[in-house]
Amino acid sequence: MLIDASVILKWFLDEDDSDKAKVIKDGHISGDFTVVIPDIAIYEIGNALKYASEFSIDDVNRSIEELYELSLDIIAPLPDICNVATEIAYQNNITFYDAFYIALAKELELQFFTADAKLYEKTKHLPFVKLLSKLEFTP
5 MLIDASVILK WFLDEDDSDK AKVIKDGHIS GDFTVVIPDI AIYEIGNALK
55 YASEFSIDDV NRSIEELYEL SLDIIAPLPD ICNVATEIAY QNNITFYDAF
105 YIALAKELEL QFFTADAKLY EKTKHLPFVK LLSKLEFTP
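Just so we're aligned, residue 5 is where the sequence shown starts under my numbering, counting upward by one.
One thing to keep in mind: the hints can contain errors.
Said to hold, decoys possible - The list that follows gives simulated cross-link-like pairs (lysine-lysine, BS3-like), each with its CA atoms no further than 27 Å apart:
| no. | residue 1 | residue 2 |
| --- | --- | --- |
| 1 | K138 | K122 |
| 2 | K110 | K26 |
| 3 | K54 | K26 |
| 4 | K24 | K128 |
| 5 | K126 | K138 |
| 6 | K26 | K128 |
| 7 | K126 | K26 |
| 8 | K29 | K134 |
| 9 | K134 | K110 |
| 10 | K138 | K29 |
| 11 | K54 | K110 |
| 12 | K126 | K29 |
| 13 | K29 | K54 |
| 14 | K24 | K138 |
| 15 | K29 | K122 |
| 16 | K122 | K26 |
| 17 | K138 | K26 |
| 18 | K134 | K122 |
| 19 | K128 | K138 |
| 20 | K128 | K54 |
| 21 | K110 | K24 |
| 22 | K29 | K128 |
| 23 | K126 | K110 |
| 24 | K24 | K122 |
| 25 | K110 | K138 |
| 26 | K122 | K110 |
In short, the hints are calculated from the structure, not lab data.
Model, not experiment: these values are computed from the prediction.
My request is simple: use the sequences and hints to build the entire structure.
What follows is the structure, encoded as structure tokens:
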């Protein structure tokens, strides 16, 4: 599965649906599935945590280190995926950043999970785009 920064941030911040995001993290740790992210997610997470009032420099650094320790599959942009992202951005009136997540999921044939309701509303016609809050986990 591919997740965006809005999901990963819930691993570090106590927000709505943090419990669901942590189920994804735990599933990756246990090997139930592999979590894939584009490298831009690291920048987005670092930036968001920098502006979280409860996070110090050390807290942000530890959080980023934890992401690397999880051995997530971190993918750098490639021209072909960027081309797909550009098309998705224009077709759905979304940022290139968001479109890149979706393009990468499409190209890798993965489900894409976001906690961003606005992004989901604009892209829910794509069958592989899922909203974290709608996820149902069975014990």
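Here's how the hints hold up against the structure:
1. K138 x K122: 14 Å, holds
2. K110 x K26: 24 Å, holds
3. K54 x K26: 21 Å, holds
4. K24 x K128: The given pair, whose Cα atoms are some 19 Å apart, holds under the 27 Å limit.
5. K126 x K138: 16 Å, holds
6. K26 x K128: 23 Å, holds
7. K126 x K26: Given pair K126, K26 holds - Cα atoms ~25 Å apart, limit 27 Å.
8. K29 x K134: 16 Å, holds
9. K134 x K110: 13 Å, holds
10. K138 x K29: It holds: about 17 Å lies between the C-alpha atoms, which stays within 27 Å.
11. K54 x K110: 30 Å, violated
12. K126 x K29: With Cα atoms ~26 Å apart, K126 and K29 stay inside 27 Å; holds.
13. K29 x K54: 21 Å, holds
14. K24 x K138: 10 Å, holds
15. K29 x K122: With a Cα-Cα distance of about 23 Å, the restraint between K29 and K122 holds, given a limit of 27 Å.
16. K122 x K26: 22 Å, holds
17. K138 x K26: 15 Å, holds
18. K134 x K122: 12 Å, holds
19. K128 x K138: Given pair K128, K138 holds - Cα atoms ~12 Å apart, limit 27 Å.
20. K128 x K54: 30 Å, violated
21. K110 x K24: 23 Å, holds
22. K29 x K128: With a Cα-Cα distance of about 23 Å, the restraint between K29 and K128 holds, given a limit of 27 Å.
23. K126 x K110: Within the cut-off at roughly 16 Å; holds.
24. K24 x K122: 19 Å, holds
25. K110 x K138: Holds, at roughly 20 Å.
26. K122 x K110: Holds - the C-alpha atoms of K110 and K122 are around 19 Å apart, at most 27 Å.
Taken one by one, the earlier hints fail for this structure at numbers 11 and 20, listed in ascending order.
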